[in-house]
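J.: Quick mapping for you: the protein sequence lines, in order, are chains P and W.
In my numbering, each number is its position in the first sequence, counted from 1, plus 27.
In my numbering, each number is its position in the second sequence, counted from 1, plus 21.
Where hints are given, some of them may not hold.
[To be verified] Selected chain P positions facing chain W (Cβ under 8 angstroms, derived; list incomplete):
| # | residue |
| --- | --- |
| 1 | A68 |
| 2 | L72 |
| 3 | L88 |
| 4 | F115 |
| 5 | G130 |
| 6 | S131 |
| 7 | G132 |
[Claimed, not checked] Quick list of in silico lysine-lysine cross-link-like pairs, DSBU-like style, CA-CA up to 30 angstroms:
| # | chain 1 | residue 1 | chain 2 | residue 2 |
| --- | --- | --- | --- | --- |
| 8 | W | K39 | W | K76 |
| 9 | W | K34 | W | K92 |
| 10 | W | K78 | P | K97 |
| 11 | W | K24 | P | K83 |
| 12 | P | K95 | W | K76 |
| 13 | W | K24 | W | K78 |
| 14 | P | K94 | W | K91 |
| 15 | W | K34 | P | K63 |
| 16 | W | K74 | P | K83 |
| 17 | W | K74 | W | K92 |
| 18 | W | K116 | W | K91 |
| 19 | W | K24 | W | K92 |
| 20 | W | K74 | W | K39 |
| 21 | P | K94 | W | K116 |
| 22 | P | K97 | W | K116 |
| 23 | P | K63 | W | K116 |
| 24 | P | K95 | W | K91 |
No wet-lab data here; the hints were simulated from the structure.
We put the beta carbon where it would ideally sit given N, CA and C, even for glycine.
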Amino acid sequence: GEDVEQSLFLSVREGDSSVINCTYTDSSSTYLYWYKQEPGAGLQLLTYIFSNMDMKQDQRLTVLLNKKDKHLSLRIADTQTGDSAIYFCADSPDTGRRALTFGSGTRLQVQP
Amino acid sequence: DVKVTQSSRYLVKRTGEKVFLECVQDMDHENMFWYRQDPGLGLRLIYFSYDVKMKEKGDIPEGYSVSREKKERFSLILESASTNQTSMYLCASRKLAEAFFGQGTRLTVV
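Just chain W, with the same shape it has in the complex (with noise of 0.2 angstroms):
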């Protein structure tokens, strides 16, 4: 089965703090994907990678940062955590049609 995890399920930040978000896959993918999760907003797009090193942004990469520095891992940076950053943070990983998941990392800024 493929497995995408993510380092941690909660976490609570205070504002100002610099936030690394992990992300591992064990499939050899080579699209890998940061959402967040709102109520009522579905996901939106934060930034993906579709190699090594390479970076694209997505639909709200304000206030964001990743780094790809190996195939199997992802990372989402959040530089100095607001309290509008708080949600529910998804990360995904792709080869052809099949997407997958992780169980998703609640951050909570306060």
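So that you can see chain P by itself, here it is in the shape it has in the complex (with noise of 0.2 angstroms):
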């Protein structure tokens, strides 16, 4: 069946940049996102990317995708102590009836 899998934590220094990265299995992937949860909370869409795309950027945030190795990355710049969350990644294979498949998520933890 489909998979995703990211590493479960990554801890960044303030100011420098974060990448997190995540892979996936389904070849008709059609969506690629990246969520944010902070505690407590649901998830936040922070971004999406459609496949026939390999970059998309909005404002600190970067994606990368590589469809041939079916691999996704976040890079957050100028990283914050407010980026301290959970990150998901999830894929979709297509535009509305089936639903998300989510990575583990994984811990970024900001040190100041």
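Taking the hints as your guide, dock the two standalone chains into a single complex.
T.: Given below as structure tokens:
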């Protein structure tokens, strides 16, 4: 079945860049997502990328997609303490009917 | 802004009780989902619905049912709550690419 994998933990210093990586197995994935979850809260949609794109940039966030290797990354520039959270990668194989499949989440810890 | 609202942030129920978790969205989205989130396991799909009165099982439907009588509302039902259903429950709605989540309901079954 479909599988999405992420590393569990990343620690960076404030002001550095963070790079969170994700791999997925479903070659029919149409959209790939990054969500942020702060303690006790729901998931906040950060950004998503369509599978025919290689890169998407949105302010401090850069998403890179290597479709050949089924690898997705999220780069956060100038990481702040407020970026400390769990980041989830997800994929979806079509444009609306199917559910998102999530990775286990990467906990980002930002040290002052 | 899209709003997905779950009726309760925290719930404590007793083993064997019938439990209803309610979710309402205000953006006329066709697709709605229920996930549960457990430490180290990420989000697992329980049920989803792509239209009124339509539902499909997700990866872990056992012990749950759902109801979608109106487009904006998707209810998750625990027919007879058990302690292994203690979890964070997250509702989501989606149209085209973007999927939005509610704030979550932390359910404890004692």
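J.: Each hint should be assessed against the structure and marked as holding or not.
T.: Outcome of the hint check:
Satisfaction of the interface hint for A68 (chain P) is found here, the shortest Cβ-Cβ separation to chain W being roughly 6 angstroms, below the 8 angstroms cut-off. Interface hint status for L72 (chain P): upheld, as the beta-carbon distance to the closest one in chain W is roughly 6 angstroms, under 8 angstroms. The interface hint given for L88 (chain P) is violated, since its Cβ lies 15 angstroms from the closest Cβ of chain W, which is over the 8 angstroms cut-off. Because the closest C-beta pair between F115 (chain P) and chain W is about 7 angstroms apart, less than 8 angstroms, the hint holds.
Because the closest C-beta pair between G130 (chain P) and chain W is about 6 angstroms apart, less than 8 angstroms, the hint holds. Interface hint at S131 (chain P): satisfied, since its Cβ lies 4 angstroms from the closest Cβ of chain W, which is below the 8 angstroms cut-off. Satisfaction of the interface hint for G132 (chain P) is found here, the shortest Cβ-Cβ separation to chain W being roughly 6 angstroms, below the 8 angstroms cut-off. Annotation: proposed proximity of K39 (chain W) to K76 (chain W) holds, straight-line Cα distance about 20 angstroms (limit 30 angstroms).
Taking the CA atoms of K34 (chain W) and K92 (chain W), the gap is about 28 angstroms. The hint holds against a cut of 30 angstroms. Distance check on the hinted pair: K78 (chain W) and K97 (chain P) sit about 27 angstroms apart at the alpha-carbon level, within 30 angstroms; holds. Restraint check: the Cα-Cα separation between K24 (chain W) and K83 (chain P) comes to about 25 angstroms, which is no more than 30 angstroms; the hinted pair holds. With a C-alpha separation of about 34 angstroms, the suggested pair K95 (chain P) and K76 (chain W) falls outside the 30 angstroms cut-off, and the hint is violated.
With a C-alpha separation of about 24 angstroms, the suggested pair K24 (chain W) and K78 (chain W) falls inside the 30 angstroms cut-off, and the hint holds. Between the alpha carbons of K94 (chain P) and K91 (chain W) the distance comes to roughly 38 angstroms, so the proposed pair goes past 30 angstroms and is violated. Between the alpha carbons of K34 (chain W) and K63 (chain P) the distance comes to roughly 29 angstroms, so the proposed pair stays at or under 30 angstroms and holds. Of the pairs offered as hints, the one joining K74 (chain W) and K83 (chain P) is violated, with about 37 angstroms between alpha carbons and a cut-off of 30 angstroms exceeded.
Taking the CA atoms of K74 (chain W) and K92 (chain W), the gap is about 9 angstroms. The hint holds against a cut of 30 angstroms. Under the criterion of a C-alpha separation no larger than 30 angstroms, the hint pairing K116 (chain W) with K91 (chain W) is consistent with the structure, at around 16 angstroms. Distance restraint check for K24 (chain W) and K92 (chain W): the Cα-Cα separation of roughly 14 angstroms lies within the 30 angstroms cut-off, and the hinted pair is therefore satisfied. Proposed proximity of K74 (chain W) and K39 (chain W) is supported: the alpha carbons are some 21 angstroms apart, at most 30 angstroms.
Annotation: proposed proximity of K94 (chain P) to K116 (chain W) holds, straight-line Cα distance about 24 angstroms (limit 30 angstroms). Proximity of K97 (chain P) to K116 (chain W) is assessed by CA-CA distance (about 24 angstroms); at most 30 angstroms being required, the pair is judged to hold. As the CA atoms of K63 (chain P) and K116 (chain W) are separated by approximately 20 angstroms, the hinted pair is consistent with the 30 angstroms bound. At roughly 41 angstroms between alpha-carbon atoms, K95 (chain P) and K91 (chain W) are farther apart than 30 angstroms, so this suggested pair is violated.
Figure legend: structure checked against the earlier numbered hints; hints not met, in rising order: 3, 12, 14, 16, 24.
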